[in-house]
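Colleague: Fit chain B to the given chain A structure using the hints.
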Amino acid sequence: MGQRVAFGSRWLPYVLVLPQIAVTLVFFFWPALQALWYSFQLQDPFGESTEFAGLTNFEALVHDGAYLASFQTTALFSVLVATLGIAISLGLAVLAHRVTRGTMVYRTLLIWPYAVAPAVAGVLWAFMFAPSIGVVSYVLRQLGVDWNWVLRGDQAMLLVVMAATWKQISYNFLFFLAGLQAIPRSLIEAAAIDGASPVRRFWTIVFPLLSPTTFFLLVVNIVYAFFDTFGVIDATTGGGPAQATNILVYKVYTDGVKSADLGGSSAQSVILMIIVIALTVVQFRFVERKVQYG
Amino acid sequence: MIENRKGLDLLTHVLLIAAVAVVAFPLYVTFVASTRTLDEVLTVPMPMTPGSHLLENYAQVLTGGSTRGAGAPVGRMMLNSLAMALMIAIGKIAISIIASFAIVYFRFPLRRTFFWMIFVTLMLPVEVRIIPTFKVVSDLSMLNSYVGLTLPLIASATATFLFRQFFMTVPDELTEAARIDGAGPMRFFFDVLLPLSATSVAALFVIQFIYGWNQYLWPLLITTDESMYTTVIGIKRMIVGGDALTEWPLVMATAMLAMLPPALVVLLMQKWFVKGLVDAEK
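Line by line, the protein sequences are chains A and B.
Heads up, the working numbering is the position in the first sequence plus 25, with the first residue counted as 1.
Heads up, the working numbering is the position in the second sequence plus 4, with the first residue counted as 1.
It is worth saying that the hints were derived from the structure and are not from the lab.
Only a predicted model underlies this, so the values are computations on that prediction, with no experimental measurement involved.
Take every hint as true, because none was put in to throw you off.
Which chain A residues face chain B? A few, computed with CB under 10 Å, are given here:
1. Tyr139
2. Gly147
3. Phe200
4. Phe251
Computed spacing ranges between beta-carbons, pair by pair:
5. B:Lys275 - A:Gly220: 38 to 44 Å
6. A:Val40 - B:Pro54: 52 to 58 Å
7. B:Gln169 - A:Gly169: 52 to 58 Å
8. A:Leu183 - B:Leu264: 26 to 32 Å
9. B:Lys275 - A:Gln167: 41 to 47 Å
10. B:Gln169 - A:Ala221: 35 to 41 Å
Listing some non-contacts, in silico: residues in chain B with all C-beta distances to chain A over 10 Å:
11. Gly11
12. Glu60
13. Ile94
14. Tyr150
15. Asp195
Yeah, the Cβ is synthetic: ideal placement off N, Cα and C, and Gly gets one too.
With the rest of the complex left out, here is chain A:
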């Protein structure tokens, strides 16, 4: 956990960790404990008194059709964002790795969307696909597609998936490219000498060797879709139409801030915390395994 050589001082280390620990306690532990506390409380409609209600808030959530629907929406959304993002980036990384010249130029041209804020990405895509004035909507209409994500839930979902995936491709691409560059050439050459075609080499050598990267990206992308896409949703659909894109983290916000349902929103927060902790544990287990791989 630390160096063998250590300095001796009774007070200095405490002074050094103090700022980080103070910020963590005030803005992290205290709010997290409050969320836990509120999740067991029922508040009267005027917010004047609260009473201990046990698991009532959680029970209400389990029986709340809108909450269960939000769970499904989140599952669909994160699976789509993760699989699309990973598949597209893997394809691009393989292509960029294949070219003898220009790999770094392509890398530069593909990584900049990482710098775009999720909310700005949402605005860009909403504008291109705006039902009446969007340039892509115009093309879609010419092709005979009845495009209106403001009214149609499936199209709204498609729009937020596209915007969220677009922003995340850069990240996945960088990791896949680094993974590909780490595969020894001799392995690929040996397979080529044995007469394996490029496609066969990819599926039997490259893809299995990339599997730790792929798994790691899967977890990161799911976490991204769960939490970091708040801006995408808020800047485009606002959870609608008819809750079709109301993912869990957006619902925590609308129920807590807009509807001021403190208990229900806190219970949702607690459930989300459990999900994040589970995902983090999965990720760390995997990291340990990766270390053993060498």
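Modeller: Okay, now just chain B, sitting in the frame of chain A:
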């Protein structure tokens, strides 16, 4: 390449160029819209070549904002975003580097406890504990202030881990040599450890600057005063609902301005950016 097939190489380049074009398309549309008048943007289909109102639109948003949505000048918002990004990046790096220094180079009671307290912050993004955190900040009367905007976001396990990881690769001989020469811990920190950490600091800075600049939910809740809006919030506040009511050229000019600083940081500091991303996930 292992095979030398001209046709396959050509196909690879064609596919890559097509991909680059598709990825850049939203940016191009945004740029075109930011150089035209509202009437031109509302024409269906919108003309796809840059227009002649570039300077006019950008000058309007930078100094005056939009006329129908938020009226705060985007110049001011960009300063707010810059302040937020810098304070978060520098704050995170500063408090994490000294905390990791204490955890790696000192033996003291509660060391493990502190380490785990920092570790668990990794697990809970601000989105999850948003309402209670808002209450805390509001109780401390930090709403509409830079402190409220940045302080709750600077506790970061990622940076602490990264520095801890790095310090553990610094040879013990250096520490011993410094001690024999009579250097105290802080002297060792400033003269030996800090210069050695320069690349890690740069890499983290790039990642955290982008993180800070792109914050959305937190400033959305904390800033109610137009003069405290960040650029990303400003864009959202300029969209007034209804495709025909929003002043799209101004929104798109603001979007370009919101993307420019972080994109420049990524492209100009590409080497450190890649290192920062990869290191941060170890």
